[in-house]
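Asker: Residue numbers (the working numbering), protein chains in the order written: chain A, 2 to 86; chain B, 2 to 856.
Keep in mind the hints are simulated off the structure, nothing from the lab.
Errors might be hidden in some of the hints.
If you want the ones that stay clear, here's a sample from chain A, every Cβ over 10 Å from chain B, calculated [what the hints assert, rightly or not]:
no.	residue
1	Gly28
2	Thr33
3	Arg57
So, partial list: chain B residues that the calculated Cβ filter (under 7 Å) puts toward chain A [unchecked claim]:
no.	residue
4	Phe252
5	Ile355
6	Ala690
7	Gly697
8	Val708
9	Pro722
10	Thr729
11	Val740
12	Leu847
13	Phe848
14	Ile855
15	Leu856
Don't be surprised by glycine CBs; every beta carbon is placed ideally from N, CA and C.
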Amino acid sequence: MNTKLYTVIYVVLFVSATVQVLVEFAGLAYWTAFALIIVLSAMKAVLVAAYFQHLRWEPRSLTYLIGIGLAAALALTFAASYSIL
Amino acid sequence: MTDSAPGSGGRDDPAHRPDGGQQADASTAAGELTVPARKSDYEEAASEFPSMGSIRRWFVTTNHKDVGILYIVTSLFFLVLGGVLAWLLRIQLWAPRTPTTTVLEPLAYNQAVSAHGLIMVFWFLSPFAFGFANYVVPLQIGAKDLAFPRLNALSYWLYLFSGILFGVSFFQGGTFAGGWTMYAPLNVPTFTPDVGASTAVLALTLFVASVTVSSVNFLTSMHTMRAEGLTLRKLPLFTWSILLTVWMMLFAFAALLAALIILSSDRLLGTTYFALESPAGSMLWAHLFWFFGHPEVYIVFFPALGVMAEVFQTFTGRRIVGRKWFIAAMVLVALQSFVVWMHHMFLTTINLQIKTLFMITPIGISLPFDLMVFALIYTMLKGKIRFTTPFLFVFGALLLFIIGGITGVFLGAIVLDYEFRGTYWVVAHFHYVMVGGVTALVGGLYYWFPKMTGRMYDEFLGKLHFGVYFVGFNLLYFPLFVAWETPRRVFDYSAGLQVWHQLATVGAFVLGLSFLIMFYNLTKSALSGDPVGDNPWEYATTAEWAVPSPPPLENFPGLPTYRDGSLGFREESTATDGGVATAEAATPSAAHHDEREEHVSHASFWPFVVGAGTFLLFLGLSGLRDASFPEGILGSAYLGTAALGGVVTLGSLVFMGLEPFHGPALADGEAWPFDGLEYGKVGMWIFLASDVVLFGGFIGAYVFTRVAFGWTLWEPIPENPVPGLVNTYLLLTSSFTVVLALVAAEKRNRPGLVASLVATFLLGVGFLGNKAIEWNHLFHEGLWLSSNVRASTFFLTTGLHAAHVIVGLVVTLYLAARAWRGAYLEDSSSVEYFGLYWHFVDIVWLFLFPLFYIL
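With the hints as extra help, turn the sequences into a complete structure.
Answerer: Below you can see the structure in the form of structure tokens.
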């Protein structure tokens, strides 16, 4: 186990959380800021899953398993929201 | 035990291995035991385990076969309860009624309709099927038990206590009366004010907890505990149907859990998700409910399909035609079942484009079913049928399902649904499908009865039961198609339809009373029927028929293997000796599990206590309304019950954690796609996948409500994102300390491990403290759960997350205390699994923070 690697990941997460809030105050157009902020969240989530939950070194099936759950949740969210537009 | 299957097209497929009974005389290779197993092959079972006749056994057992029997017996009790409610409905419908001429009071009728639906779908149908799954699946996959035997017992007790809780709801002013679909806004206290209605919702929530535990357990077991050589392709069809059922359960019930937690919160805490004044509250419920509800149709039907396939194969003496395609069709249906839910919503305000799309997808899902139906029919044509009781029931089920399926196609067409929706056409259709499934499961009960009891039922009475059942069924449900213009859930209808309703009522009594024949037959036969051998069915081919009836506690006399294409048993103690027959399969892991294997545990009292504790907890919570208990003695009683329940639940979970218990050891069998992972890790990830859908449901509900409200008109509740940012820092740091804890544990550094866990705990407490300050501030600004739907989504979603943090902190304390005493240095897996959970909670926050604080 490599403590140094984990520390680097932690610092990156910490900084990008700060950046995320700064984006909000940067005065960008709403949907531009929206996209940036969501992308930053997704990026952090991937880092935590890949390194802290060490999915990078696990059989890929575990990643697919979570991916299926995520796909189901997104299908529900988007289809339901679209249905009332 | 490896003779290649002669004749009958079996080839290398264990699902069509010819009857093991004819191989008993074959000489055995060194280190291998006979198929079928002989009683003498078994080692002495653990002697301290109470016998079947002892009451104590049924409270402490964790053995999958015992749990299976408990499920079956309990579910049959709920069948009787739901059936009596149905009789009440049919008596009411003997004639069209006005509110003054009813047998049941109008509101009592509504309760009976709702309770009948809920009890039959949730507390009878699935648990009945899972009784068989519990009993048969481990035998069919060659496992000694499920991966987590105590969790299996826990699933049962949560199921039983949830059912009792539902029963209690009748006595708290009245149970839920808004129909089994619990449509909003009828499901909120404004319209269903009884305390019992809240209890019914909580009972269903507890039931879903049972299902979730069970899903994780079955999936872990079925994927990682299959015998050597038993790849998914070769899995028997009943086990295949259960595997797909459980996958659907994992995701569908998580969505239902989200819906039920939100509903409980609306009822108990006063949030306003489903309230009349919320934007699209009723639509939100419909989406969440049917996203669960349509897969649920296949969740209850698939096990029946699996039984049909097994029984058809056994009693036609043929392998199913197109086995591979049959499996592919089931997989397709399981996937498609998640993209058809809006065909239940054609009369809501969803737009035309999406209606059209959701008219097409149900047509798509009917195609694989056509394939399965034709495969079953063709199997009959090619085989030689023996008309035993199980076959009659599954054959009847096939006919009923065809009628049920075809009448459903009408409902999937938008224009026809405009006419049929809310009529008895729907009622008749889904009873043909669902009770058609029950018909197959009853066949399954007769089919496996000799295996479970070691005795044969009375064939004449069995056939008589089928005859009366089948006549009663069609007399009950077919007239409902004719009388389709009757409005659903209402006891008034046009007088011209009366004759059809009277026929149906007669049919209801015929169908219900036919079960008396079954109860008599099975009770008498269990006590004094003719004893049977391993395989009374001659052409039954799956592994449960290769062991004694009933199978001994540990199922197999050795390690089951399909290495040579058919079932054999390796002697476990010789497996590492490198005997000729087993040399290439012997692995190092086989050596050390032998010593543990002798002490596999079968008993724990704690699952029962956890079940009782949750029952008290939920019963106490049912008294809540708008986040407070009623005044006076009643309120104190509710509060006291909830507190007691909470203490009992938490305490028994801790004792369960501390109890020495050895589940089945990791065997070196088939584990695709989770090869090389231990049970605990697979189980944790499967659980997290369901938790993804739970939070997905919550976030989806927020997004949906916000879209209905107008996305950019919606302001975040906290005016200042900085407290949220501080909490993000705290959680990220606590994730980092959990990683450090694991590193310390792996380096056998006890102080480092304890310090990291304590740091994690403190950071988590900091997170909660910071949140408490923020909530307190908002509260004093006049914003609380019930202020408006914007506030409701904020408090409930972040509250659910906080609840996850609290659970994590309790576990952290437990781990820290045990680490202090030197635990986890040899085996750090508990710390690792906890970390997986904790990081997941962290990830969820990474999305909640921007969604609720910034955007």
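Asker: Honestly, which of those hints from before does the structure not fit?
Answerer: none
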